[in-house]
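Chemist: Each chain is listed here by its residues.
There are 2 protein chains.
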Amino acid sequence: MKILMIVVIMAMFQEAEPFINRLGLQKIVSNLDKQLPIEVFKGKVNESDVVLIVNGKDKRFGVDNVGTQPATLSTYLAINNFNPDLLMNAGTAGGFHAKGADIGDVYIGSDFIRFHDRRIPIPGFKEYGVGSYKVPDFDQFATDLGLKKGIISTGNSLDIIPKDLEMIKANEAVIKDMEAAAIAWVAELYNIPLITLKSITDLVDSKKPTQDEFMKNLSLASENLQKKLIAAINFCAGKTINEIIDRA
Amino acid sequence: MKILMIVVIMAMFQEAEPFINRLGLQKIVSNLDKQLPIEVFKGKVNESDVVLIVNGKDKRFGVDNVGTQPATLSTYLAINNFNPDLLMNAGTAGGFHAKGADIGDVYIGSDFIRFHDRRIPIPGFKEYGVGSYKVPDFDQFATDLGLKKGIISTGNSLDIIPKDLEMIKANEAVIKDMEAAAIAWVAELYNIPLITLKSITDLVDSKKPTQDEFMKNLSLASENLQKKLIAAINFCAGKTINEIIDRA
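Quick note, the sequences are listed as chains R and A, same order. Following this note's numbering, the numbering of the first sequence begins with 142 at its first residue and continues without gaps. Following this note's numbering, the numbering of the second sequence begins with 142 at its first residue and continues without gaps.
Treat the hints as calculated values from the structure; they're not laboratory data. Wrong hints could be hidden among the right ones.
A pair counts as met if it fits within one copy or between any two copies, since identical chains are not told apart.
What the hints assert, rightly or not - DSS-like cross-link-like pairs, simulated, lysine-lysine; straight-line CA separation at most 25 Å:
1. Lys304 <-> Lys267
2. Lys348 <-> Lys304
3. Lys200 <-> Lys267
4. Lys198 <-> Lys357
5. Lys168 <-> Lys240
6. Lys200 <-> Lys380
7. Lys175 <-> Lys275
8. Lys349 <-> Lys304
9. Lys310 <-> Lys240
10. Lys168 <-> Lys289
Bear in mind that the values here come from a model prediction, so they are computed numbers and not experimental data.
Construct the complete structure from the given sequences, taking the supplied hints into account.
Modeler: Set out below in structure tokens:
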């Protein structure tokens with residue numbers, strides 16, 4: 142089956158803006174409830190429809206709905222309203238310099254996507270908390286598109302504390318983000334393939350405060366992200382899933 | 142408008158079981174997608190329909206889908222499938238002994254429901270992360286039903302680490318749970334009143350490991366919970382929202 146409907150999920154409008162402009166996506170009035178802050182944009186790449194879902198803004202605080210709760214809802218709505226052949230989650234993230242990450246690098250999530258802030262020390266619940274959602278092998282895809290590969294670990298905080306760091310290390314992660322594992326959970330429930338692209342705004346293992354680096358590099362990272370995202374969409378649109386996943 | 146449809150959201154089947162048995166709720170095949178693990182039960186109290194939504198089990202790990210991501214999805218589905226006049230979230234939780242909580246106490250969430258594990262140190266995002274979803278005044282309701290009152294703080298971990306403790310204290314919380322703030326977020330988006338009942342399985346400020354206390358007291362706490370939950374439903378069914386909220 143050909144990939145004719147790609148839905149991209151992004152948390153922040155600022156992350157999405159260069160992508161919207163470059164592809165000329167149009168904001169649509171969707172079927173979604175008016176009560177929801179979610180914004181939907183639509184366009185076409187080759188023969189494939191491309192829908193972008195952005196979490197929208199919090200009414201009380203006026204900031205983007207980042208984190209795993211809005212990401213869960215957006216993914217459910219993406220699947221149920223647009224029936225995607227392929228989901229993509231694109232966004233900015235922290236990277237570990239010791240594992241090869243630099244500011245502005247774009248990574249594709251590999252191997253597993255995991256949580257680092259769901260600590261439930263009861264057998265079974267412990268593993269459920271971490272999640273470890275399996276990612277297909279995109280090695281050839283990553284090479285062709287010039288993407289670095291790494292395990293993504295997700296938590297609801299932008300800062301880093303010793304316990305999160307310990308969990309991220311146990312997760313063998315190179316990338317720390319705030320949405321991917323929640324999106325991967327819903328995608329897994331519906332058995333929809335997910336490609337995750339993360340552009341590095343800050344180095345978790347540097348001494349600089351995450352929030353300062355994040356704000357400073359958000360625009361560069363979002364620009365780099367849109368280039369790789371558009372290349373990825375061009376690569377996938379009209380192909381079959383089997384054509385983009387490595388065969389053993 | 143009378144309360145004729147009450148939807149109760151619970152995370153774990155074991156928490157819900159005494160309630161299901163006591164009210165004789167029947168499992169229904171709902172409109173929900175087959176892919177979703179969520180289970181739905183239905184019954185009637187006086188003239189009001191009562192729907193119970195339980196998050197269901199994780200397919201890979203066989204444990205209940207606890208935490209804020211499943212709670213977000215269940216709340217969205219509760220609202221969109223059953224159009225409730227009133228939402229209730231009932232479950233077990235940790236309590237602070239120093240603030241008056243004891244094992245087996247049942248609390249009603251008061252004042253605000255907050256997150257303690259969404260630390261985003263950027264102005265606006267900081268407050269968004271904590272959430273502070275407003276709870277109406279249920280003082281008379283709490284007195285009539287013999288419920289203790291307290292602020293609930295939500296995070297995705299069962300254990301307690303110093304940073305979470307610091308955030309929970311800043312949140313002025315008496316109760317530490319794993320779902321309420323996510324449910325409150327979605328309820329707020331749809332402007333649906335939410336009553337939150339939490340039964341204490343463990344004391345966060347004791348020396349005993351949370352997981353041991355949780356397992357030991359889950360059954361007692363769930364039993365106490367169902368008594369208060371049924372009393373609360375009896376109190377609310379057929380009344381108007383204004384009749385159960387204190388007027389200044």
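Chemist: It remains to establish, for every hint, whether it holds in the given structure.
Modeler: How the hints compare with the structure:
no.	hint	result
1	Lys304 <-> Lys267	both (15 Å within a copy, 20 Å between copies)
2	Lys348 <-> Lys304	both (17 Å within a copy, 19 Å between copies)
3	Lys200 <-> Lys267	between (35 Å within a copy, 14 Å between copies)
4	Lys198 <-> Lys357	within (21 Å within a copy, 42 Å between copies)
5	Lys168 <-> Lys240	neither (38 Å within a copy, 50 Å between copies)
6	Lys200 <-> Lys380	neither (40 Å within a copy, 30 Å between copies)
7	Lys175 <-> Lys275	between (34 Å within a copy, 21 Å between copies)
8	Lys349 <-> Lys304	both (19 Å within a copy, 20 Å between copies)
9	Lys310 <-> Lys240	within (11 Å within a copy, 36 Å between copies)
10	Lys168 <-> Lys289	neither (31 Å within a copy, 48 Å between copies)
Taken one by one, the earlier hints fail for this structure at numbers 5, 6 and 10, listed in ascending order.
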